[in-house]
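Asks: Could you slot chain Z onto chain H? The hints should help.
Chains H and Z supply the protein sequences, listed in that same order.
Counting in our numbering, the first sequence runs from 1 upward without gaps.
Counting in our numbering, the second sequence runs from 228 upward without gaps.
Bear in mind the hints are in silico, worked out from the structure with no lab data behind them.
There may be inaccurate statements among the hints.
[What the hints assert, rightly or not] So the derived label-pair ranges between C-beta atoms look like this:
no. : chain 1 : residue 1 : chain 2 : residue 2 : range
1   : Z       : S538      : H       : Q125      : 54 to 62 Å
2   : Z       : I553      : H       : S227      : 57 to 65 Å
3   : H       : Q121      : Z       : W240      : 41 to 49 Å
[To be verified] The list that follows gives simulated cross-link-like pairs (lysine-lysine, DSBU-like), each with its CA atoms no further than 30 Å apart:
no. : chain 1 : residue 1 : chain 2 : residue 2
4   : Z       : K473      : Z       : K301
5   : Z       : K623      : H       : K31
6   : Z       : K536      : H       : K76
7   : H       : K7        : Z       : K536
8   : H       : K76       : Z       : K383
9   : Z       : K623      : H       : K76
[As the list claims (entries may be wrong)] Here are some, though not all, of the chain Z residues that point toward chain H, as calculated from beta-carbon distances under 10 Å:
no. : residue
10  : S229
11  : D295
12  : L521
13  : T524
14  : K525
15  : M530
16  : A532
17  : K536
18  : P537
19  : S538
20  : P629
21  : I630
22  : S631
23  : M633
No experiment lies behind these values; they were computed from the predicted model shown.
Where is the CB? At the ideal position from N, CA and C, for every residue including glycine.
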Amino acid sequence: MSNIVCKGLVKTFQQGDQTIYGLNHVSLTIKQGEMTVLSGPSGSGKTTLLNAIGGLDEPDSGTVYVGDVEITGLTKSQRADVRLQRIGFVFQAYNLIPVLTVRENIEFVMQLQGVAATERQKRCQEILAEVGLTGLESRRPAQLSGGQQQRVAVARAIVSKPVLILADEPTANLDSKTSAQLLELFTQLNRQHGITFLIATHDAQVFDYCRRHIYMVDGKIVTDTRS
Amino acid sequence: MSGQILLAWRSLWQHKRRTWLTLGAMIFCNSLLVFMITLQAGTYPMMIENTLRIFSSQLQINQQGYLDEPELRKRILDSSHLIARIEQEFPELDVIPRSSGFLLAASAQRSVGMLVNGVAPDKERLASIIPQQIIYGHYLEAGDNNQVVLGERLAKNLQVTVGDELTVMGSTMEGGFAAGVLSVVGIFSTGINELDRTVSQISMATFQRLFEMPNQVSLVSINAPSMSQVSFYQRQLQALMQTEPKLTVHDWQQLNPGIKQGIEADLSSAVIMYAVLVLLVILGVMNTQLMAVLERTKEFGIMLAIGSKPSRLFTQVLIETLMMGIIGMLLGALLGGVVAGYFSLVGIALPGMGDIGAQFGIGDRIYPLLSPLSVLIGPVVVCIGSVLVSIYPAFKTLGLEPISAMQSK
Chain H
1 MSNIVCKGLV
11 KTFQQGDQTI
21 YGLNHVSLTI
31 KQGEMTVLSG
41 PSGSGKTTLL
51 NAIGGLDEPD
61 SGTVYVGDVE
71 ITGLTKSQRA
81 DVRLQRIGFV
91 FQAYNLIPVL
101 TVRENIEFVM
111 QLQGVAATER
121 QKRCQEILAE
131 VGLTGLESRR
141 PAQLSGGQQQ
151 RVAVARAIVS
161 KPVLILADEP
171 TANLDSKTSA
181 QLLELFTQLN
191 RQHGITFLIA
201 THDAQVFDYC
211 RRHIYMVDGK
221 IVTDTRS
Chain Z
228 MSGQILLAWR
238 SLWQHKRRTW
248 LTLGAMIFCN
258 SLLVFMITLQ
268 AGTYPMMIEN
278 TLRIFSSQLQ
288 INQQGYLDEP
298 ELRKRILDSS
308 HLIARIEQEF
318 PELDVIPRSS
328 GFLLAASAQR
338 SVGMLVNGVA
348 PDKERLASII
358 PQQIIYGHYL
368 EAGDNNQVVL
378 GERLAKNLQV
388 TVGDELTVMG
398 STMEGGFAAG
408 VLSVVGIFST
418 GINELDRTVS
428 QISMATFQRL
438 FEMPNQVSLV
448 SINAPSMSQV
458 SFYQRQLQAL
468 MQTEPKLTVH
478 DWQQLNPGIK
488 QGIEADLSSA
498 VIMYAVLVLL
508 VILGVMNTQL
518 MAVLERTKEF
528 GIMLAIGSKP
538 SRLFTQVLIE
548 TLMMGIIGML
558 LGALLGGVVA
568 GYFSLVGIAL
578 PGMGDIGAQF
588 GIGDRIYPLL
598 SPLSVLIGPV
608 VVCIGSVLVS
618 IYPAFKTLGL
628 EPISAMQSK
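Bound-form chain H, shown alone (with noise of 0.2 Å):
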């Protein structure tokens, strides 16, 4: 089983002379498969959790563990590794890379996993397929709308076969129906290749598609409710 646990973790900011907790003492454990987001307030310490369960940002004490591997304490070329295998990224901002097209920004990830060519391209194209892209893989990022890049950020993410998708305001540029469209997405992901999914967003219409909502308040989870 590929749970994810969380143990305790902390991770505090200097603002001035004050200490501002972004993870105040948070343990959770989000079993393989489900669908949870995390809400609160601007500040409230969604983005640090994801980093911090993504091996993107150090906690000041804590752990993680990624299935049966503890992400805090690797050096950063062992979490590059394990975000390579087992978590893939949707952003905000999709950050894509800008000179590559949209199936060498797909295929960029299975490079890096020296996935051969044909194998590469032909998963590219079954992606492709299932978010809605085919056609427009010759195009850069720049030539796409918000919701079609979010859309090759998803496809980026799954291509690697990762156990866990960490999403950070995934419609947060995003209009209601092309929101709705990229929901309806991941829950077909999570259904259909048992993806265990994150999301961290203020936007209530990702709720609906949630079994499990935890509400974050000054670093610290207040409610931890599954429907």
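Replies: Here is chain Z on its own, set in the frame of chain H:
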């Protein structure tokens, strides 16, 4: 690796103007290096060849100690036998007997000391440039004919011209009285002041009679079919000379240490100039790559976030620089090669440099010499230097953290 190359290539052309500006500097520097190095490569052999054709030859056989202190008594006995042996053994070599001595020359007006060279005129025509530098009269003819050719300034000092006679006096090898009357048949001008002021030439037969040196010469000069074979023939001749323990074979570098020193001095100053040029360009490349790394911090952050190792970003920057270096190298070598190739055919005139050039064995036109080494060495150094200096901007990527990098503007 192919994905990294593609990404490097695309990234390189993300800022076309900046890339072209940097490439332009590289291409200019490389083509300048190619032109200047090929020019040097062409000048040195010409300098060596001309100097050897005036002063010595590629190889020289003489008695031990002659080079340090040239004296008549340090002579080669039975020279005709030695020359015949060499010619029989190595028919491809030019074998030229020469002798040197001092005489006091007196014309009707003045007396001047002069260096007198005994030469075999037929062989000298093939080996020396002096026969081609006759400006009045004609060159020597073979035989004991009391003819002399003089350097232009020597003739002026003596106030003689073609057709005049000179009375010469000196000492023979044994301390006897060497004297005779020589008829001026030609005046030469090499452009080398010292040579034109002091040197005269007479036939070997006349020399041997004047100095009482029958069948004896001061030295035997030898030219190989090419400069690259000089070392080989030096060894062969040294082996042949084993039966003549008093004779040694010197190559042109031993005979003319000044040429080698001159070339080395010229190379040293040129290398400093090239180093400054290369340094300026590679610092420009470093600046470009540093800017590129700073501008693409967000992109590098994304790459780190989705699983790139920091070392991959490091190599990414180096690959981009290598690509730029290779383009600069190829275009620079091509442009410099075309320009140098053109001038290797038509030559480069050195107006007003005739006399100065002549002092260094250089004619009034110089010709760049193209070879793989002379064309590629400069651009290859720039390429390697560029990659080396871009280690610094590449090193910057190793310190990037995904989150802060992605948040950069």
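Asks: Under the constraints set out in the numbered hints, which ones does this structure not fulfil?
Replies: Hints 1, 3, 5, 8, 11, 12, 13 not satisfied by this model.
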